[in-house]
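Chains as they are written, first to last, in my numbering: chain A, 1 to 142; chain B, 1 to 266.
Capping the alpha-carbon separation at 30 Å, the derived lysine-lysine pairs in BS3-like fashion look like this: (1) A:Lys-96 x B:Lys-34; (2) A:Lys-82 x B:Lys-26; (3) B:Lys-215 x B:Lys-227; (4) A:Lys-142 x A:Lys-96; (5) B:Lys-265 x B:Lys-103; (6) A:Lys-85 x B:Lys-26; (7) A:Lys-142 x B:Lys-26; (8) B:Lys-107 x A:Lys-142; (9) B:Lys-26 x A:Lys-84; (10) B:Lys-114 x B:Lys-223; (11) B:Lys-266 x B:Lys-215; (12) A:Lys-30 x B:Lys-127; (13) A:Lys-82 x A:Lys-58; (14) B:Lys-266 x B:Lys-107; (15) B:Lys-58 x B:Lys-103; (16) A:Lys-58 x B:Lys-26; (17) B:Lys-34 x A:Lys-84; (18) A:Lys-96 x B:Lys-55.
Because the hints were derived from the structure by calculation, they are not lab data. Computed from a prediction, not measured in an experiment: that's the story for all the values here.
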Amino acid sequence: MKRIVTLLLFPLVALSPLCASTDDEVAARKTVLDLAGAFSNDGFKLRDGSFSGVIHPKESLFVQVNLYAGNQYWFSVGANEKAKKLAVTIFDETGKAIESEPYQDDAKAAAGFSPDASGAYYIRVQELEGEPANFCLIYSYK
Amino acid sequence: MIFSRSVLFIVLAMFISCGFAASAPKMSSDEMAKAARVDALTIPTPGELMTALNKVGKPNWQQQYRPPIPTAFTSRPQIALNLGGLIADGYLAVEAEDSQQVKNIGKDIVTLAKTLGVSENVLRRGKSITDFAENNEWSALKEELEATQNEVKLAMEEQHDNDLVTLVTLGGWIRGTEVVSGWIAQNYSPAAAKLLRQPAIVSFLRAKIDTLPPKVQSEDVVKGVRKRLVEIEQLVSFPREQTPTVDDVKKLKTAADGLVEEITKK
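If we strip away everything but chain A, and leave its shape as in the complex, we get (with noise of 0.2 Å):
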């Protein structure tokens, strides 16, 4: 059964944008800043804070956003290498799932789209495969 986690009941999601301090934390996030760097090279602003914390096989963890219409965005996850396969959804604000370019490499994924409306919308990220593993989400815009 798909377990849903909360920021306010599962401490180990972080808040802080500095989140990374042990050795799974800052691989989770190096591993993240590669992929998006190749956004930043094509002009997207990395947005410098972060959702992050533990997450398990088969678990699905929630974070909410507020983006412009018009604006084009890249949601991406990265993971230390306990994670086997990551996977990274956007969904509307009313609980939609969003047809985004989709991009999934072992313990890194990612998902762009520009949308239509300004207003909330939810990123959803899964660990498909592997051990309990550090993550971080990371957003870039332009």
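Position chain B relative to chain A; hints supplied.
Below, chain B without anything else, positioned relative to chain A:
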């Protein structure tokens, strides 16, 4: 295609198909309610709103400048709110590609941060802001401004001033909204007006203010902010399919002006 060729190339080169996500089951209301809200990620920067406005118009950002604000407040919540506002002013100056204004704003940020006792880390950021501004590195400046804001927040947390973090965010958001609604009110278009739809942001900020300690909530500036946010929430909470009229935008601009005035008054 919404993304340029180079990004798509990178993506496709490493791509392992996992299908488009649109086929995923709908989120439950419980999942939506319990989704994490993270200040540094859930609330967009003023720069994101300005970037979106650049797509639907050609704003003269310098017209949205305001006179320098006081930097000698004694109320810590008021200092936090104004720090956020100054950071939004920094984004505005970056959009205007005005290096002198960026440097002026950077100096004010450091001055205000000093009064909170969080200046050491911010001083370093202030120096970076000046360096980037002198080299006209506008793209790097946007990231540096957010990093500065997060540095201020981190220093506040280290000083057990966690309560003030939300107020920095709020100060930045309201100043950004004032700037953008001001331009849209003068240069109305339906596409630009629809950018002002931000219901979840105000809801998040109001919820955070409601959890502030009674001592902070009893400060006049916080009481005023709390009251005015109720009106602002209504003005930015229109349905997705609705387009605000020019009068709606003017009402929001007036409300944002009032709140910014409340925050900056001595």
